[in-house]
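Protein chains: 4
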Amino acid sequence: MSRNTFGQVFRFTTWGESHGPALGAVVDGCPPGLSLTEADIQPFLDARRPGQSRFTTQRQEPDAVRILSGVFEGRTTGTPISLMIENTDQRSKDYSEVAKAYRPGHADYAYDAKYGFRDYRGGGRSSARETAARVAAGGVARLVIPEVAILGYVSAIGGDAIDPANFDAAEIARNPFFCPDPAAAARWEALVDGARKAGSSLGAVVECVATGVPAGWGAPLYGKLDAELAYAMMGINAVKGVEIGDGFAAAANTGEGNADPMRPGNEGHPVFTANHAGGIAGGIATGQPVVVRVAFKPTSSILTAMPTITREGEATELFTKGRHDPCVGIRGVPVVEAMMAAVLADQKMLHRAQCG
Amino acid sequence: MSRNTFGQVFRFTTWGESHGPALGAVVDGCPPGLSLTEADIQPFLDARRPGQSRFTTQRQEPDAVRILSGVFEGRTTGTPISLMIENTDQRSKDYSEVAKAYRPGHADYAYDAKYGFRDYRGGGRSSARETAARVAAGGVARLVIPEVAILGYVSAIGGDAIDPANFDAAEIARNPFFCPDPAAAARWEALVDGARKAGSSLGAVVECVATGVPAGWGAPLYGKLDAELAYAMMGINAVKGVEIGDGFAAAANTGEGNADPMRPGNEGHPVFTANHAGGIAGGIATGQPVVVRVAFKPTSSILTAMPTITREGEATELFTKGRHDPCVGIRGVPVVEAMMAAVLADQKMLHRAQCG
Amino acid sequence: MSRNTFGQVFRFTTWGESHGPALGAVVDGCPPGLSLTEADIQPFLDARRPGQSRFTTQRQEPDAVRILSGVFEGRTTGTPISLMIENTDQRSKDYSEVAKAYRPGHADYAYDAKYGFRDYRGGGRSSARETAARVAAGGVARLVIPEVAILGYVSAIGGDAIDPANFDAAEIARNPFFCPDPAAAARWEALVDGARKAGSSLGAVVECVATGVPAGWGAPLYGKLDAELAYAMMGINAVKGVEIGDGFAAAANTGEGNADPMRPGNEGHPVFTANHAGGIAGGIATGQPVVVRVAFKPTSSILTAMPTITREGEATELFTKGRHDPCVGIRGVPVVEAMMAAVLADQKMLHRAQCG
Amino acid sequence: MSRNTFGQVFRFTTWGESHGPALGAVVDGCPPGLSLTEADIQPFLDARRPGQSRFTTQRQEPDAVRILSGVFEGRTTGTPISLMIENTDQRSKDYSEVAKAYRPGHADYAYDAKYGFRDYRGGGRSSARETAARVAAGGVARLVIPEVAILGYVSAIGGDAIDPANFDAAEIARNPFFCPDPAAAARWEALVDGARKAGSSLGAVVECVATGVPAGWGAPLYGKLDAELAYAMMGINAVKGVEIGDGFAAAANTGEGNADPMRPGNEGHPVFTANHAGGIAGGIATGQPVVVRVAFKPTSSILTAMPTITREGEATELFTKGRHDPCVGIRGVPVVEAMMAAVLADQKMLHRAQCG
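Protein chains in written order, with our numbering: chain A, 2 to 357; chain B, 2 to 357; chain C, 2 to 357; chain D, 2 to 357.
Think of the hints as simulated: they come from the structure by calculation, not from any bench.
Hints may contain errors.
Since the list gives no way to pick one copy over another, a pair counts as held whenever it fits inside one copy or between any two copies.
With a straight-line Cα cutoff of 25 Å, these simulated SDA-like cross-link-like pairs (lysine to any residue) come out [claimed, not checked]: (1) Lys-94 / Thr-274; (2) Lys-322 / Glu-268; (3) Lys-198 / Thr-212; (4) Lys-198 / Glu-257; (5) Lys-322 / Leu-304; (6) Lys-322 / Glu-190; (7) Lys-101 / Val-149; (8) Lys-322 / Glu-257; (9) Lys-198 / Ala-162; (10) Lys-322 / Arg-55.
Model the full assembly from the supplied sequences, consistent with the hints where possible.
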């Protein structure tokens, strides 16, 4: 099944290919009465938009979102919100090579194996361009959870990590890497430039923290908040790993080292003296910040020719000629934030359904 | 919402608490005509069963599964298969302490925050005992995918990893750790014994490899095979991280280093000369082995008292007196295998639905 | 797919065959903190229970329900509630005839066509015995909607309808037909007796009225309250038609004749001066009583031999020798009520999810 | 929840309001490789299109469908198919009256009760205009089930039914009523004209027959083919009743009268000598024609003023000034056919998923 819908009660369905006329998302189940215009969504699309620095793909897309339904006199009506983004820079180029052979590391072969053929222009449906639709839907989701603040940033590129001691949230918007550590941002400039010039690419780690999530959101046992987040993040293009809280580091720890002790806080809420758990216990939010870490692989499109096969099964070599991100993880930040918002909006509403 | 159903067309719903009369799973959507008796499921429950070595909890449960419906004359009928496991060793003990205060690292506080109260006996629904129901359902799922072989094992305990050079699948059944490296198994004996005697606990990493998954299973974009696996694994008790293929290591790699080149193979299938991707591209299986790595945190139940609060918000200290696993990841192996089987059975059927 | 789950956020999954050891329902998503014991459910099972008069099947089943999970100290915990009913009167008889040939009007042939074989003992999964599980689940659903009163009754048997002028709700419990019209009840005694003695059977119409449903429950456009009710009712064994409000009579009416005018009522709520719509407009409850009418076909099991074919495709004749209801619609009343309760509980929770 | 998605594996999500810029459907899960262009869908939209005779609303809409995604080189790719229809005749008119008061029989009050406000222009989301999106999606669904022929027609208007003896399928396209009985069509001309001139409206019954549905599609017990059809049909605007096969007539029948005897046919398939069941037994298709009957209420928009209330709860009177169908059931025929196609496409794929 091609399942292009995300979420249970707050849900969105995306459509569109890299080189079709447009792409979009239909957001369903949004609470009524929320103030919503294109201006509420556009900033997040702008943050994700390519072509803003030399560290991302040079494809130029305004990515201007239009609201086609579900809003009346500036407020959501509770009916489906259709969001559409036109494609304007589908450069006409020669796709004959990609049509005939499979780019290694891309979904080309897998799509052919599944569907028997594929739209090879710019990656078709498997293009990272689809993430624009996620970001648009996430812009609506944020309105559903005003109590939550979501902060995403890149914490490592090509294995070079930020120093937590340098963490400064205000820095994130000041460099083209969504990097909260100015020293790391400076190093990454050379690092990513080097990869770009070498026709190579680099992986990255994106962290995302949601503060203000009330204790109680999420649900055991097959609708756990952490499982929903893992599902949401692992479904983003190029993602290969997801951690909640300490993640794999917890697997190397002891019970004492991994404990999150509690002491009395205000209004009956506990104060936790650590957050190894990343804000989730038993699949339910504890009221601490929800912390997710996401591994993006290096862009598969590189200028180094790699052995591959043609659709007819003959050996050949291929390298990618198009415009590509030297580090796709960078532009992953607004996408990770959008998926965080979508999960939390859905969980808020599901919690309200069961527990009033 | 409390969502206790896993899967789309091959689905199971679990129920039961640690100290209730029984627990179970209802498997729905199973193909008809498969040969099935209790003996097909019991071995997997036996592998997960506690009390088999000093390295797991001493709770004694036969975990004998009964099939109550959905099978006629030894074959599945296509109607729901009700599996039930009676609880026999719910030791009567004094729960007054746990009833009044929250065990740090457990779901106690989160359940109370969500539901207003909780079944505190042995962790209630949040007990790892529920994983018996998953394992039973996974036993049915395996019958749906005879083309696939699933192999799970522990690859690290407390940060001490196996040496891939020592990998020997036959070793896995020869030690109480599901460890494929005899040298590591020997080391872990002392390691886990030390933790056990100290009243401490250790985290672990479980790897699971599925070979024989045909290219084409899975689906873009919100039903990706990797996302479904991440969802399945992150929903297991105590899991904090999931990787597909190289996972977080890919985030530290370059495009060339992370490439999986192809060359011509038999019958038009490619031969991949690497498997950094863990057998999945664009959310779709490539025909390579599907590789998942799962991080289990150390058991939260330890003998060291930790600061916590009571239900009334007063400061107190608590340590766990009951029977517990010094390393819950060990018994996670059959659970990870079961979830792998459940995901693949579902994806096989979904693929058949759309692509015939 | 064999889909044995009903509902979105308040959901239940049923399992079990007519001649298996037991049948049951797993209720998931129930709000926490509701007072629940077996005694809350048993009266509805008793109302549905066979063998209470000569007008229903003589199978004797206590239909005693057990709660296996999801309740702690007499209250729902928010986790799945497993309900089990043991089968005790699976009379051992000779099924060789039914095993070899298809009973006309039954699901025998269809099951074989779908699944390749079937559990032929007493109808297996297609037996009306499964409705006990629905009734049990409906007993839980009623606790979720204390603001709603549900009243079901038989309004016609074999084409002989009640006279609305004689309607007396108190009569329903006073006769074995759930009939609100004492004159009709008297007539039906002879009518059903005649059918029973002749080895024949009769169809029936069940009406169900839910009062107290607040305006706003339900949702356009593919989750309409009337569509959900139609789905719920048409899924009951032997049902062939569903009407909301005036139903097919509306199709013979004019716009003026079918109008439900409004005038001002208390607290801003309108008073409707008619209820042709059956309490639903645009898929959303209007606050009027929700009215559903359900057509039950005559029991297919009759003593008159009918031409049919064997599994090998040979011509034969078959009549049913077992114990059967001369009018299966009678015992349909508690089932229709249960499905009404399940739909409304789900819709209440879904409305709360979106609209707070 | 606002649930605007229909179907399980073949699914579509619709969006759009009567007076917004456009409306559309996103079809998900469509099998790959099907030949599809706008020309495959447009004829069904043309059949539903208003303004083609004086018996339907005079709103003029070309209802030209555009395919925005999911098709490459004339074939479906297996990814979501976005279908869009622009609104061109949203006549600017004075909506102040409708904005302030509730039209009786419309969804105005219910939408306000649910969402707190509503898009009152032309009925907003509750307008029958949405059915264009269903018809477009149904056009795609038909391609999935080439083995099935679907035939819909009006069988009664305002209580005046066709004579089955006059049934001639070729007549359906020859009159503006989708009427298979030329004598009835002649009578209806006067009947509907009378209602139109009187500012009144009439109800209608639509029948739909699907031949070629293989035995085995559908599934017990909460995914029954008849329940899915009831859900699909009852969700269409203005529908108040659904029958399968004999429907309510079965409730007035005896077991002998309602039997569908079988005799041996070709290739092991039975020949049924009657079809009271409408082609479905136990929720599963029997191979006979699937027969559904759908009751449409008279259009609520009439020129007779009816008592109602304002949003402030004051008494007032209202009649509808806009362009409206004197008998909305007429244009219901392509919509009923579309929903039949959507259900069958989904059930075909679900059957394939489970039973191969």
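Non-conforming hints, listed in increasing numerical order: Those not satisfied are hints 1, 2, 3, 7.
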